[in-house]
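From first to last, the protein sequence lines stand for chains A and B.
Our numbering puts the first residue of the first sequence at 1, with every later residue one more than the last.
Our numbering puts the first residue of the second sequence at 1, with every later residue one more than the last.
Don't read these hints as lab results, they were simulated from the structure.
Glycine included, C-beta positions come from ideal geometry on N, C-alpha and C.
Take these hints with a grain of salt, some might be off.
[Claimed, not checked] Result set (SDA-like, lysine to any residue): computed pairs, CA atoms no more than 20 Å apart in a straight line:
| # | chain 1 | residue 1 | chain 2 | residue 2 |
| --- | --- | --- | --- | --- |
| 1 | A | LYS7 | B | HIS79 |
| 2 | A | LYS7 | B | ARG85 |
| 3 | A | LYS7 | B | THR84 |
| 4 | A | LYS227 | A | ARG163 |
| 5 | A | LYS227 | A | ARG116 |
| 6 | A | LYS7 | B | LEU121 |
| 7 | A | LYS7 | B | ARG166 |
| 8 | A | LYS7 | B | ARG75 |
| 9 | A | LYS7 | B | ASP81 |
| 10 | A | LYS115 | A | GLN211 |
| 11 | A | LYS244 | B | LEU121 |
| 12 | A | LYS115 | A | PRO210 |
| 13 | B | LYS87 | A | PRO98 |
| 14 | A | LYS244 | B | LEU80 |
| 15 | A | LYS244 | B | HIS79 |
| 16 | A | LYS244 | B | THR84 |
| 17 | A | LYS7 | A | LYS115 |
| 18 | A | LYS244 | B | GLU97 |
| 19 | A | LYS7 | B | GLU83 |
| 20 | B | LYS87 | A | ASP77 |
| 21 | A | LYS244 | B | SER124 |
| 22 | A | LYS227 | A | PRO237 |
[As the list claims (entries may be wrong)] One-sided excerpt, in silico: chain B residues whose CB lies under 10 Å from chain A:
| # | residue |
| --- | --- |
| 23 | LEU66 |
| 24 | LEU80 |
| 25 | THR122 |
| 26 | ALA126 |
| 27 | VAL180 |
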Amino acid sequence: MSQQPYKQPPITEAVIEIRFAAPIDAPRLAEISSDLRAQYPYEQQVTDLRVQLYFVPQATPTAGTIERPGHRLSSLDQTQILLLWPENFIVSQLAPYPGWDEFFERFRRDWSKWKRLIGYQTISRIGVRYINRIDIPFSGPLVEYEQYINVYPHLPEVFTNVRGYGVQAQVQLADMDCILTLNSLSVPSPLLGHAAFIVDLDIANEVKPPQNDESLYELLNRIRLKKNEIFESCITPRARELFKPWQD
Amino acid sequence: MAGLVLGSPIGGNTMNWRMGAELQPAFSTETKRIVEWVDRLRRPSPASLRSQASGRPLEARVFDALAAAKTLTARVAMHLDRETRDKLFSQLDSLHETEQWEAGDEPVNPSSFETFLKAILTISPARRPGLGLSHTGDLVAAWTTGRDRLTIEFLPNDRVRWVLARYQDDGEPDRFAGQVEVSRLVQGLAPHRPEHWFSNESSQQSPR
Numbered sequence: 001m002s003q004q005p006y007k008q009p010p011i012t013e014a015v016i017e018i019r020f021a022a023p024i025d026a027p028r029l030a031e032i033s034s035d036l037r038a039q040y041p042y043e044q045q046v047t048d049l050r051v052q053l054y055f056v057p058q059a060t061p062t063a064g065t066i067e068r069p070g071h072r073l074s075s076l077d078q079t080q081i082l083l084l085w086p087e088n089f090i091v092s093q094l095a096p097y098p099g100w101d102e103f104f105e106r107f108r109r110d111w112s113k114w115k116r117l118i119g120y121q122t123i124s125r126i127g128v129r130y131i132n133r134i135d136i137p138f139s140g141p142l143v144e145y146e147q148y149i150n151v152y153p154h155l156p157e158v159f160t161n162v163r164g165y166g167v168q169a170q171v172q173l174a175d176m177d178c179i180l181t182l183n184s185l186s187v188p189s190p191l192l193g194h195a196a197f198i199v200d201l202d203i204a205n206e207v208k209p210p211q212n213d214e215s216l217y218e219l220l221n222r223i224r225l226k227k228n229e230i231f232e233s234c235i236t237p238r239a240r241e242l243f244k245p246w247q248d
Numbered sequence: 001m002a003g004l005v006l007g008s009p010i011g012g013n014t015m016n017w018r019m020g021a022e023l024q025p026a027f028s029t030e031t032k033r034i035v036e037w038v039d040r041l042r043r044p045s046p047a048s049l050r051s052q053a054s055g056r057p058l059e060a061r062v063f064d065a066l067a068a069a070k071t072l073t074a075r076v077a078m079h080l081d082r083e084t085r086d087k088l089f090s091q092l093d094s095l096h097e098t099e100q101w102e103a104g105d106e107p108v109n110p111s112s113f114e115t116f117l118k119a120i121l122t123i124s125p126a127r128r129p130g131l132g133l134s135h136t137g138d139l140v141a142a143w144t145t146g147r148d149r150l151t152i153e154f155l156p157n158d159r160v161r162w163v164l165a166r167y168q169d170d171g172e173p174d175r176f177a178g179q180v181e182v183s184r185l186v187q188g189l190a191p192h193r194p195e196h197w198f199s200n201e202s203s204q205q206s207p208r
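One chain only, chain A, in its complex shape (with noise of 0.2 Å):
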């Protein structure tokens, strides 16, 4: 058993993303959603709809659209969603946080359902991301976010009156073939007196990701791992004192 080591853990949303090198039909996912309805009693069917304009010199622009349906689960809560799209199966959890074992379970059984009904299809990416926000509490006009995060723009000092801040960074992770995306960004907070601070936090493997199961849930456990100590690198003793440790 892994123990989250907070009681209030930052992650507002834990996401799991199998992507497919080819799509499903329609028919066949509408198949699978409704077999999941038994684990999710809320579906929405969700379209993802993209229109393209071609403008030719002397000629009437014409427009294509590309419409994409999928299925939107959810649990009575609304904190567990599943989403199948026609190339991705994901996993989502929002907060709370009920920890890795329990999450991963979920995710291990939508996929065997899955895949007794769809069978094997090529796997083109398998992502992880966990998006974390920082409530830090304020009283006087300046928010030191220096305090409680590692990872925020180097700004000349001629700059003293930031009002808000968004960096990326994509980080090879050699060792796993992954790619991390970081964001970490300022966002109005859901709380009166607080400041808002997002780590979010993709680490996704799409050069060489595994094909059977096995070799799946072992790169899910060690992204999962690398991410923790990712998300460690970026907070300061400070911020760990906000999620309360559960030694306290």
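Here the structure of chain A is known, so what remains is to put chain B in place on it, guided by the hints.
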């Protein structure tokens, strides 16, 4: 140490990295490609997908409103204990049993619910309020201690309206009302000693 200067809103829309349509012709193909690339990196999360509520039957609108309220709660769930969250969801579900509704009644307005969450997380009342819905879908919370009553209506866009009645020794109630931004609710109620309603001692005086 630089720090973030607090304005209103914090970080507003500063994270929109898309180019304005009017600026498109000014940039090279390469620049546009880079902007598209950056934009692709900022994929929306699965929870952000929503269906459209307008013009749909009541049942669908109720579903969407409840789902939106529960998703909004998830945004702050790390600051709520499990029991409080479960009780809140049970109250919300109960409020949305539409058999007793009248024509024109609306499900909870997500903006009102957002105001409610901000207020409740700031006040942290030991006693949970009874909840109701206004005709237009604004959430209303009420605390009663004996005959004394405090009612707060949570309006969209961070506004709150409150009314209280407190009975005096002569048997007549003093009534007060106010409407403020949610960030000033605590100061607005302070002169009226709101712990009379919010604390557990008050419930022992008069169980509801």
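Okay, the hints, checked on the actual structure:
As the CA atoms of LYS7(A) and HIS79(B) are separated by approximately 10 Å, the hinted pair is consistent with the 20 Å bound. Proposed proximity of LYS7(A) and ARG85(B) is supported: the alpha carbons are some 16 Å apart, at most 20 Å. For the hint linking LYS7(A) to THR84(B), the alpha-carbon distance of about 16 Å falls within 20 Å, and the restraint holds. In summary, the hint linking LYS227(A) to ARG163(A) is not supported, as the alpha carbons are separated by about 29 Å, beyond the 20 Å threshold.
Distance check on the hinted pair: LYS227(A) and ARG116(A) sit about 30 Å apart at the alpha-carbon level, beyond 20 Å; violated. The hinted pair formed by LYS7(A) and LEU121(B) meets the criterion: a straight-line CA distance of about 17 Å does not exceed 20 Å. Between the alpha carbons of LYS7(A) and ARG166(B) the distance comes to roughly 39 Å, so the proposed pair goes past 20 Å and is violated. Among the hinted pairs, LYS7(A) with ARG75(B) is consistent with the structure: their alpha-carbon atoms are about 16 Å apart, no more than 20 Å.
For a cut-off of 20 Å, the pair hint linking LYS7(A) to ASP81(B) stands: about 10 Å separates their Cα positions. At most 20 Å may separate the alpha-carbon atoms for a hinted pair to count; LYS115(A) and GLN211(A) meet this at roughly 12 Å. Distance check on the hinted pair: LYS244(A) and LEU121(B) sit about 17 Å apart at the alpha-carbon level, within 20 Å; holds. A C-alpha spacing of about 15 Å is found between LYS115(A) and PRO210(A), which places the hinted pair at or below 20 Å, so the restraint holds.
For the suggested pair LYS87(B) and PRO98(A), the alpha carbons sit about 19 Å apart, so the restraint of at most 20 Å is met. Note on LYS244(A) and LEU80(B): the hinted pairing holds, with a Cα-Cα distance of about 13 Å set against a maximum of 20 Å. For a cut-off of 20 Å, the pair hint linking LYS244(A) to HIS79(B) stands: about 11 Å separates their Cα positions. Annotation: proposed proximity of LYS244(A) to THR84(B) holds, straight-line Cα distance about 19 Å (limit 20 Å).
Restraint check: the Cα-Cα separation between LYS7(A) and LYS115(A) comes to about 35 Å, which exceeds 20 Å; the hinted pair is violated. Restraint check for LYS244(A) and GLU97(B): the C-alpha separation of about 38 Å exceeds 20 Å, so the hint is violated. The hinted pair formed by LYS7(A) and GLU83(B) meets the criterion: a straight-line CA distance of about 15 Å does not exceed 20 Å. Our distance criterion of 20 Å between C-alpha atoms is met by LYS87(B) and ASP77(A), whose separation comes to about 12 Å.
For the proposed pair LYS244(A) and SER124(B), the alpha carbon gap of about 18 Å is at most 20 Å, so the pair holds. For the proposed pair LYS227(A) and PRO237(A), the alpha carbon gap of about 18 Å is at most 20 Å, so the pair holds. Given the 10 Å rule on beta carbons, the hint for LEU66(B) holds: about 8 Å separates it from the nearest Cβ of chain A. The beta carbon of LEU80(B) is positioned within 10 Å of a beta carbon in chain A (closest approach about 8 Å), and the interface hint is therefore held.
With its C-beta approaching chain A no nearer than about 5 Å, THR122(B) sits inside the 10 Å limit, and its interface hint holds. A cut of 10 Å between beta carbons decides the hint on ALA126(B): the least distance to chain A is about 19 Å, and the hint is violated. Using the Cβ-Cβ criterion of 10 Å, the hint placing VAL180(B) at the interface with chain A is not satisfied: the shortest such distance is roughly 12 Å.
In terms of the numbered hints stated before, the structure departs from hints 4, 5, 7, 17, 18, 26, 27, listed from lowest to highest.
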